[in-house]
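Trainee: Sequence:
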Amino acid sequence: MFHQRQLRAFVLTAELASFTRAAREIHLTQPALSYLIRKLEGELGVELFARNTRKVLLTEAGELFLGHARRILADMALALQDTQNVRQLAQGHLALAGLPSVASSLLPRTIAAFRKRHPRVTLSLRDGLAGEVDDWVRRGEVEMGLASPLGDDHELDFEPLFHDDLILITPPRVVRASESPWYGLAQMPYIAMAPGSSARHFAELALRDAGMTRAPSWELSFMSSAIAMVRAGLGFALLPASSVAVFDLSDMTRLPVALREPRQIGVLRRKPLHDSPALAAFLRQLRKQVAAELDSSAALPQPKV
Numbered sequence: 001m002f003h004q005r006q007l008r009a010f011v012l013t014a015e016l017a018s019f020t021r022a023a024r025e026i027h028l029t030q031p032a033l034s035y036l037i038r039k040l041e042g043e044l045g046v047e048l049f050a051r052n053t054r055k056v057l058l059t060e061a062g063e064l065f066l067g068h069a070r071r072i073l074a075d076m077a078l079a080l081q082d083t084q085n086v087r088q089l090a091q092g093h094l095a096l097a098g099l100p101s102v103a104s105s106l107l108p109r110t111i112a113a114f115r116k117r118h119p120r121v122t123l124s125l126r127d128g129l130a131g132e133v134d135d136w137v138r139r140g141e142v143e144m145g146l147a148s149p150l151g152d153d154h155e156l157d158f159e160p161l162f163h164d165d166l167i168l169i170t171p172p173r174v175v176r177a178s179e180s181p182w183y184g185l186a187q188m189p190y191i192a193m194a195p196g197s198s199a200r201h202f203a204e205l206a207l208r209d210a211g212m213t214r215a216p217s218w219e220l221s222f223m224s225s226a227i228a229m230v231r232a233g234l235g236f237a238l239l240p241a242s243s244v245a246v247f248d249l250s251d252m253t254r255l256p257v258a259l260r261e262p263r264q265i266g267v268l269r270r271k272p273l274h275d276s277p278a279l280a281a282f283l284r285q286l287r288k289q290v291a292a293e294l295d296s297s298a299a300l301p302q303p304k305v
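Residue 185 in my numbering sits at position 185 of the sequence shown, and the numbers go up by one each step.
Since the hints were derived computationally from the structure, they do not count as laboratory data.
All values reported here derive from a predicted model rather than from experimental measurement.
A few of these clues could be false.
Stated by the list, open to error - Heads up, simulated DSS-like pairs for lysine-lysine below, C-alpha to C-alpha not over 25 Å straight-line:
#: 1; residue 1: Lys55; residue 2: Lys39
#: 2; residue 1: Lys116; residue 2: Lys288
#: 3; residue 1: Lys271; residue 2: Lys288
What the hints assert, rightly or not - Restraint ranges, calculated between C-beta atoms of paired labels, are given here:
#: 4; residue 1: Arg231; residue 2: Ala258; range: 22 to 32 Å
#: 5; residue 1: Asp82; residue 2: Lys116; range: 13 to 23 Å
#: 6; residue 1: Thr213; residue 2: Ala74; range: 51 to 61 Å
#: 7; residue 1: Thr213; residue 2: Gly151; range: 17 to 27 Å
Quick reminder that beta carbons are idealized off the backbone N, C-alpha and C, glycines included.
Between the sequences and the hints, there should be enough to build the whole structure, so can you do that?
Mentor: This is the structure:
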């Protein structure tokens, strides 16, 4: 079977239309280059160059084989790069960031699965509001963020992964199937997440669509605090569906809230995209984890009253 060096010698000679220039390009003498091509021709059983002219011309077989040779060389280069990437995953560091909703649910599960496959790659994780995650990615402090887009941003690339609806949680109450999830909440205080969070933005959209636009009675930075306030009977809250699986909400009423504008969660990366081997491997694991959880409905739980 022919070798990479034979193919490269043939392709360079064809592209440069010169044995002398091709030999110089790959640091061979012209006789050595000619030998590689003759050996290739012998293995193929055809002549690739017409040698009865003063110019370097491809034969019909040579013209047909040139495209195949280029593709084989490209595949060889890709295989080498992939192999080197795997070798590089024996070490390295990957900095990640995410919204609190995914940093308390999807990301830890993905990190655990990734570390089983690549135990020598160290990872760090920051959690923060959407604006903070954007800033960390833009400044290059983390390699990727898992968040909702804040709008058109020419510096950042956004790859959507899934839609994350909201869960309405209230103190225990009876809501019949025929009633709106908002039934009986007109006088109940609204416990909101902090301004600037994507959860707050989408919660206010949901309230507006329900005709319940109102100022919050409480504003909190942590979902655990909001849940504690609801548990104490101090009001109702709207939280991301992806995060509530990590909390015990069995002692309160939970109702799904469909959003007219779905809350998209996806990968934020700084442009231009140049993924490190560790990031490329982590993104493969993340996509696999999302697909598995969507199939099992783990990522977007359907709570009951």
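Trainee: Look at each hint and say if it fits the structure.
Mentor: Structure-based check of all given hints:
1. For the given pair, Lys55 sits about 21 Å from Lys39 by alpha-carbon distance, which is consistent with the 25 Å threshold.
2. Using a Cα cut-off of 25 Å, the hinted pair Lys116 and Lys288 holds, with the two alpha carbons roughly 14 Å apart.
3. A distance of roughly 23 Å separates the Cα atoms of Lys271 and Lys288; the hinted pair therefore holds under the 25 Å criterion.
4. Between Arg231 and Ala258 the Cβ separation comes to about 25 Å, which falls inside the hinted range of 22 to 32 Å.
5. For Asp82 paired with Lys116, a C-beta distance near 20 Å keeps the hint of 13 to 23 Å intact.
6. Roughly 58 Å separates the CB atoms of Thr213 and Ala74, a value that falls within the hinted 51 to 61 Å.
7. Checked against the hint of 17 to 27 Å, the pair Thr213 and Gly151 passes, with Cβ atoms roughly 22 Å apart.
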